[in-house]
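Chemist: Go ahead and model the full structure; you've got the sequences and the hints to work with.
The sequence shown maps to residues 1 to 355 in our numbering.
Keep in mind that a hint or two might mislead.
Each computed DSSO-like pair below joins lysine-lysine, with the alpha-carbon atoms no more than 30 Å apart [to be verified]:
hint	residue 1	residue 2
1	K239	K255
2	K351	K248
3	K255	K114
4	K107	K84
5	K78	K115
6	K285	K218
Read the hints as simulated data drawn from the structure, not as lab findings.
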Amino acid sequence: MKYLSIMGGPPITFGKEFREKYFTLLDSISIPVNHGSLGMVPTPVYEKYIQAIADQFGIQYAEIPLNCPMTDSEILEKFEEIFKKQSPKICMFDTISTMPGVILPFKQLIELCKKYNVLSLVDGAHGVGCITQDLSEMDPDFYVSTLHKWYFVPFGCAVMYVAPKHHNYIHTFPISHSYISEETVLSKEDQLNQLVDSFFFIGTKSFGPIAVIPDAIKFRETECGGERAIFDYCHSLAKRVAERISSKWGTSYLKQADGPTLINTLVNIEVPTQYIGLDVSALKKNWSKFLKVVHTKMVDEYNAYTPSINNGKLYARYSCQIYNEISDYEIASECLIKVLKEFVELEPELKIVKS
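Modeler: Printed below as a string of structure tokens:
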């Protein structure tokens, strides 16, 4: 598939040819169609992490369940309800959620935080290199993103933004020689550079990934045609994958009636559990076993991530990159059905009981 450079240059060939030319380290046997999933923390571990913080520091927290598909207004209403009832100090939310992979109304959520005097912490892990974001327009209190998921920078490399008014309250972990007390009065110049100075040298940090960021920027601009060309290809591919695989499976994919589409560069397609004979309600009760068996097989044999349950349905989340094309997802969808069928045969209690 070709895409004409926005700079008016020669056509750029994305897909398999691009993969073979520039991404030679990718396994020639397995095809990556779940880009950005590696390193994902399972829900039970994530919940334990929250519990540990609550136990150690005495914080109180509230989770806001989002059962997609939802409209932006419905999502905002859920957050506002919590803000009114509990008056939280800080609110963390995604630009794009991980499971399922959908865009949240993060700009409106930041504005909502300002309205209720709540600090905004934006998790943009699937952000830089994935969707367009303007920090000066967003104006969050805190924003973090990764460069190794979508920006072609080696693992692990992240970017953090802190609103200037909070610079004195952010410290490195582990604490290094750059630490200063929050009450310290600095000169205008030192205050301007305080955050950068604090994080400039930490003994355990590797500078390798950081050193190649300029090369990643150059590659995306010169070889890929720029951010718009990359997004347009990945977004178009995601829409075609959604239509093709959902039609093949006889199911649906996540989309919303109002506002921007839920499809960005990730797409969530309902798995045909009836065809497989898999009881989703029984699966929820045996989720740890599902992760142990299916997750291991999908990652080890197919270099792909496992499905997730959303709103009572099982979804496969696929990510679309410039080195992918539609045939990759045809293969991936067949592999997933094969693994799930094998799992159902191993676990009879998860089979749909026919009346």
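Chemist: Are the Cα positions of K351 and K248 separated by 30 Å at most?
Modeler: This hinted pair holds, its Cα atoms lying about 22 Å apart.
Chemist: Is it true that the CA of K285 sits at most 30 Å from the CA of K218?
Modeler: violated (48 Å)
Chemist: Within a Cα-Cα threshold of 30 Å, do K255 and K114 meet the stated pairing?
Modeler: holds (28 Å)
Chemist: Assess, step by step, whether the Cα of K239 is no farther than 30 Å from the Cα of K255, and give holds or violated.
Modeler: holds (10 Å)
Chemist: Does K107 pair with K84 here, judged by a C-alpha cut-off of 30 Å?
Modeler: holds (19 Å)
Chemist: Would you mind confirming whether the straight-line C-alpha gap from K78 to K115 stays at or under 30 Å?
Modeler: Given pair K78, K115 holds - Cα atoms ~15 Å apart, limit 30 Å.
Of the numbered hints stated above, the single one contradicted by the structure is hint 6.
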